[in-house]
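Engineer: Listed here are the chains, written in short residue letters.
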Amino acid sequence: MEKIPILKMGPFLLVTIQVDLYDRLALSLEADLVQMVKKTAAKGVLIDISAVSIVDSFMGRIFGNIAGMCKILDAETVVVGMQPAVAITLIELGLPLTGVHTALDVEKGMKLLTSKVDIDIESDDDLDDDHNTI
Amino acid sequence: MTTWTMIITLSKDVMRIVADQDVVPFRNRVKECAVKIKMGLVNQTKLITAASELGRNMLKYASGGETLIEIVTRGRDNGVRLTFKDKGPGIADLSLAMKDGYSTGKSLGLGLPGAKRLVNEFDIKSEPGKGTTVVVIKWANG
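Protein chains in written order, with the UniProt record's numbering: chain G, 1 to 134; chain B, 1 to 142.
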């Protein structure tokens with residue numbers, strides 16, 4: 001079966017969707033991604049949809065699911081590169097993608113993720129320092 | 001609607017949707033038609049998204065059915081007309097099914113009302129026990 005590759009980049013996972021997603025492919029991406037977050041202890045997930053010309057309610061729900069599931073596993077999700085026509089269609093469809101972080105492109109998405117997990121890394125360091133002093 | 005009677009079909013294509021992989025080639029066929037009549041990108045995206053919603057509905061609630069993809073004209077205006085015909089359980093309460101957020105499945109309930117907002121003309125006929133037919137038109141400049 002076809003699979004969408006998930007790349008590990010430091011503390012983040014990177015997914016670029018280059019094909020038209022049918023339901024089963026989207027569902028397997030959702031499962032694979034959540035497994036990978038657990039396996040790699042990733043702090044963030046970046047999904048690039050710049051090559052995706054259609055996001056319907058099913059796909060929108062998958063993005064929401066991924067963000068929610070990753071959040072529970074302590075990872076942030078950012079969807080980047082949405083085409084303007086897709087954004088227009090999503091809002092008219094009635095799917096504002098609440099709960100999913102978005103950014104214009106991969107670069108801005110990476111910045112957003114870094115800014116979100118930096119705080120965590122710092123507070124971890126603080127904790128370690130505290131332990132050392134005690 | 002009086003406009004429906006003046007519509008002439010320029011090309012006609014039949015595709016069956018019986019598995020979720022069928023939705024992708026169906027969407028591609030719809031896109032080809034939209035491109036052929038020089039539909040703008042935003043309208044194309046709306047049409048294909050509506051097609052995807054309606055195709056999925058048909059799969060989910062009626063385990064598939066037949067679609068008709070037509071290029072139609074009403075004089076100056078060209079458009080794409082899609083017909084989704086299934087022999088599923090039908091819809092008992094159409095006005096309820098057209099409401100945002102209503103779903104008998106476990107979806108978001110955006111399929112029918114959402115698809116209606118994305119096209120120019122939307123017609124649904126359903127008979128419980130017999131099946132459902134949805135016809136939509138998106139005009140190139142609509």
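By construction, these hints were calculated from the structure, which means they are not laboratory data. One thing to keep in mind: the hints can contain errors.
Pairs of lysine to any residue, SDA-like flavour, derived with a Cα cap of 20 Å [unchecked claim]:
#  : chain 1 : residue 1 : chain 2 : residue 2
1  : G       : K108      : G       : T98
2  : B       : K12       : B       : P113
3  : B       : K99       : G       : A31
4  : B       : K60       : G       : K71
5  : B       : K31       : B       : K130
6  : G       : K3        : B       : D20
7  : B       : K85       : B       : A97
8  : B       : K60       : G       : I91
9  : B       : K116      : G       : G94
10 : B       : K31       : G       : T98
11 : B       : K60       : G       : P84
12 : G       : K39       : G       : L73
13 : G       : K111      : G       : G10
14 : B       : K31       : G       : M36
15 : B       : K99       : B       : R76
16 : B       : K99       : G       : R61
17 : B       : K116      : B       : D93
18 : G       : K71       : G       : M36
19 : B       : K116      : B       : S126
20 : B       : K116      : B       : G75
21 : B       : K36       : G       : I62
22 : B       : K60       : G       : A87
23 : B       : K38       : G       : A31
24 : B       : K116      : B       : G129
25 : B       : K116      : G       : A87
26 : B       : K36       : G       : S53
27 : B       : K31       : G       : L97
28 : B       : K12       : B       : F122
29 : B       : K60       : B       : G142
30 : G       : K71       : G       : D20
31 : B       : K31       : G       : Y22
32 : B       : K116      : G       : K111
33 : B       : K60       : G       : Y22
34 : B       : K130      : B       : D93
35 : B       : K36       : B       : G75
36 : B       : K38       : G       : A85
Just some of the chain G residues that point at chain B, by a computed CB distance under 8 Å [said to hold, decoys possible]:
#  : residue
37 : Y22
38 : R24
39 : I54
40 : A85
By construction, the Cβ of each residue, glycine as well, lies at the ideal position given by its N, Cα and C atoms.
Engineer: Decide if the proposed pair is consistent with the structure: B/K31 and B/K130, CA atoms, cutoff 20 Å inclusive.
Structural biologist: violated (30 Å)
Engineer: Should the hint that G/R24 touches chain B count as held when the rule is a Cβ pair under 8 Å?
Structural biologist: holds (6 Å)
Engineer: Does the alpha-carbon distance linking B/K31 and G/L97 stay inside the 20 Å limit?
Structural biologist: Status violated; Cα separation ~24 Å.
Engineer: Given the hinted pair B/K38 and G/A85, is their Cα-Cα distance within 20 Å?
Structural biologist: holds (16 Å)
Engineer: Is the straight-line distance between the alpha-carbon of B/K99 and that of B/R76 20 Å or less?
Structural biologist: violated (34 Å)
Engineer: Quickly compare the C-alpha distance for B/K116 and B/G75 to 20 Å and report which way the hint goes.
Structural biologist: Violated, at about 23 Å.
Engineer: Between B/K60 and G/P84, is the straight-line Cα distance small enough, at 20 Å or below?
Structural biologist: violated (29 Å)
Engineer: Is the hinted pair B/K36 and B/G75 satisfied, with a Cα-Cα distance of at most 20 Å?
Structural biologist: holds (16 Å)
Engineer: Against the 20 Å threshold, does the CA-CA distance of B/K60 and G/Y22 hold or violate the hint?
Structural biologist: holds (14 Å)
Engineer: With a cut-off of 20 Å on the C-alpha distance, tell me whether G/K39 and G/L73 pass.
Structural biologist: holds (11 Å)
Engineer: So if I understand the rule, the pair passes when the alpha-carbon distance is 20 Å or less; does B/K31 with G/M36 pass?
Structural biologist: Not OK: B/K31 and G/M36 at ~34 Å, beyond 20 Å, violated.
Engineer: Holds or violated: B/K60 and G/K71, Cα atoms, limit 20 Å.
Structural biologist: violated (29 Å)
In this structure, the earlier hints numbered 2, 3, 4, 5, 8, 10, 11, 14, 15, 20, 21, 22, 23, 24, 27, 29, 30, 32 are contradicted, and the remaining ones agree with it.
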